[in-house]
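So the sequences go chain by chain: D and A. The numbers in the working numbering rise by one with no breaks, and the one at position 251 of the first sequence is 251. Offset between the second sequence (1-based) and the working numbering: plus 1000.
There's no promise every hint is true.
As the list claims (entries may be wrong) - Just so you have them, the derived chain A footprint on chain D, three or more residues with Cβ under 8 Å:
1) 3-16
2) 66-73
3) 87-95
4) 114-120
5) 135-141
6) 228-241
7) 291-298
Said to hold, decoys possible - In silico lysine-lysine, BS3-like type, Cα no more than 25 Å apart, as pairs:
8) K1264/A x K100/D
9) K1070/A x K100/D
10) K70/D x K237/D
11) K1136/A x K1050/A
12) K1264/A x K1250/A
13) K1070/A x K25/D
14) K1213/A x K213/D
15) K1136/A x K1213/A
16) K250/D x K1250/A
It should be emphasised that the hints constitute simulated quantities derived from the structure, not laboratory data. Since we're looking at a predicted model, the values are computed, not measured. For glycine and all other residues, C-beta sits at the position ideal for the given N, C-alpha and C.
There are 2 protein chains.
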Amino acid sequence: MATYDIESFSQGLREHGLVIPTPVKGTYARGPVFEDIVRRFDALVGRIAKDDGAQELQFPPVIARTLIEKLGYMENFPQLSGSVHSFFGSDAQARELAAKVQAGERWEDMLEPTEVMMTPAACYPVYPCFSGLLPKGGRLITVLGWVFRHEPSDEPTRLQAFRMREYIRMGSPDDVVQWRDAWLQRGLDLLQGLGLPARSDVAADPFFGRVGKMMAANQVDQRLKFEILVPVISEEKPTATCSFNWHQDKFSSAFGIRNSDESKAHTACLGFGLERVTLALIKTHGFDPTYWPEEVRTQLWPA
Amino acid sequence: MATYDIESFSQGLREHGLVIPTPVKGTYARGPVFEDIVRRFDALVGRIAKDDGAQELQFPPVIARTLIEKLGYMENFPQLSGSVHSFFGSDAQARELAAKVQAGERWEDMLEPTEVMMTPAACYPVYPCFSGLLPKGGRLITVLGWVFRHEPSDEPTRLQAFRMREYIRMGSPDDVVQWRDAWLQRGLDLLQGLGLPARSDVAADPFFGRVGKMMAANQVDQRLKFEILVPVISEEKPTATCSFNWHQDKFSSAFGIRNSDESKAHTACLGFGLERVTLALIKTHGFDPTYWPEEVRTQLWPA
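Here chain D stands alone, though its shape is the one from the complex (with noise of 0.2 Å):
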């Protein structure tokens, strides 16, 4: 498939059952073979990753709001959140929200915030796990976690909620670039050995509004963000599917985490977009896997 188009490639994973539609834009349900292909490559991903010895934690869909509060994430990203609120009301109350909804009137203004918001980034559970001391060499966790991003769009590779498999580094300065690099490089490997025409390059989150310019230039100049990137709906604009972040000090000073001898620690973290990655293999090898190269196909389904 080597034209870009959002319409027909929509249209053929629609066709081959590869995704189902739902009312909502960017929250399409995953068809037995799309989830296949995925559980495979995250399965790939961990055999490469086996000998680093990760930790594996699950984080559920939701993290405390004070948590989202303390990290600037409505500072930074107030356009994506999404703030999970519930009714806390009396029986009369109850009644007159039923009535609202019957009526199809607004009933979302008798309902507060919760303790909860959705999970903006799979890592960002991790830290507040860890204050105080990291063992001798730091520490290095991995998860598979829901991420929600309110950008509705008909671009099947742009979801309101979706999985990113992510590995987590903390330690002295030295070790997490060192590890952000290796795996920049590793991350290439593994998905242009998947035949994926896939490049690096440094990139930027995007920060909201005016000032939010400033800060994704900021982001670009210190090198901090990089992406693996593969055209899966314009080859102008190709999909991050793969994404490296050093965050310096930011959660480590937010959360106390401190080396073992008492320095401080950095954190970096890089997360496959296990939707993403599913989608740049169907584009470039076809909407039917049994027909994917066999270099391809032995690594994902290895016998």
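Could you slot chain A onto chain D? The hints should help.
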């Protein structure tokens, strides 16, 4: 562990690294050993159900707001709901929002409802995908989904976000009830075969308020809901680890799902609460799975 006590059980879970506390009740992190049990149990269910030929779909943890409205969730369970709100404002409003967050003032009133809410039951997103005629013999779908219920609690089996492995059957009323009955026995055999003191009982959903009490009584009278219960934090109030719901034509009527002969279809679902089964196994067999009985280990960790 023959005695039942929330505090000592929670402490044991923490001390063995099975869970790691987070700032919000009912959202703890699951550690590597906990996750291994979750995965192994889910794989065992998959092996048992393999020949049924269920089609596997994957949905995100959020669902269309219009669906929640249509299914009457806000009338029946407003206290458990999770409505996702985000920021749609201008640069100037974003500055006002940021100032409120930094001042510790309430900032959530500057948000607006999005198109999505938290998924309150793993089977909900399935039904609208199958409007129209079913194939002859009906359909069988399976999903592993994150479910949200706003009921913050220190009780380790009562989570705000948890995973359900569900099977969903759509077809003729007879087929659907027979399938539900067969799985009720299969579920009991499975859990008892893992050494759990499991028993089944008729049950009701936690409908809200005074009217809700009548709805729940009606649900019990009609024997629409069954649960498989295992004592985890109390012997008198055992924990529901698996639930079976016969919806009659609730979902099929709402979404126009009909049998191949154009007759009205029925639907039923069953779901294993993966965290709850894991906690039941830990409570029954101990905090370290390497010491679990051989006949349990061989089922969960087959050679």
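To see whether the hints hold, each was checked on the structure:
1. Residues of the stretch 3-16 of chain D with a Cβ under 8 Å from some Cβ of chain A number 0, which does not satisfy the need for three, so the listed coverage is violated.
2. For a cut-off of 8 Å, the count of residues in the stretch 66-73 of chain D with a CB near a CB of chain A stands at 3, and the three-residue condition holds.
3. A count of 5 residues in the stretch 87-95 of chain D with a Cβ less than 8 Å from any Cβ of chain A is obtained; the coverage claim is therefore met, three being the minimum.
4. For the stretch 114-120 of chain D, the stated coverage by chain A holds: 4 residues have a C-beta nearer than 8 Å to a C-beta of that chain, and at least 3 were required.
5. For the stretch 135-141 of chain D, the proposed coverage by chain A is not satisfied: 0 residues have a C-beta within less than 8 Å of a C-beta in that chain, short of the threshold of three.
6. Closer than 8 Å: that is the beta-carbon criterion, and the stretch 228-241 of chain D has 0 residues meeting it against chain A, so the requirement of 3 is violated.
7. Judged by the Cβ-Cβ criterion of 8 Å, the stretch 291-298 of chain D is not covered by chain A as claimed, because only 0 of its residues qualify and three are needed.
8. Between the alpha carbons of K1264/A and K100/D the distance comes to roughly 30 Å, so the proposed pair goes past 25 Å and is violated.
9. With a C-alpha separation of about 13 Å, the suggested pair K1070/A and K100/D falls inside the 25 Å cut-off, and the hint holds.
10. Under the criterion of a C-alpha separation no larger than 25 Å, the hint pairing K70/D with K237/D is inconsistent with the structure, at around 33 Å.
11. Note on K1136/A and K1050/A: the hinted pairing holds, with a Cα-Cα distance of about 20 Å set against a maximum of 25 Å.
12. Between K1264/A and K1250/A, the direct Cα distance comes to roughly 11 Å. Compliance with the 25 Å bound is thereby established for this hinted pair.
13. Restraint check: the Cα-Cα separation between K1070/A and K25/D comes to about 18 Å, which is no more than 25 Å; the hinted pair holds.
14. A threshold of 25 Å between alpha carbons decides the hint, and for K1213/A with K213/D the separation of about 54 Å lies outside it, so the pair is violated.
15. Between K1136/A and K1213/A, the direct Cα distance comes to roughly 38 Å. Violation of the 25 Å bound is thereby established for this hinted pair.
16. Proximity of K250/D to K1250/A is assessed by CA-CA distance (about 50 Å); at most 25 Å being required, the pair is judged violated.
In the structure shown, a violation is registered for the earlier hints numbered 1, 5, 6, 7, 8, 10, 14, 15, 16, in ascending order.
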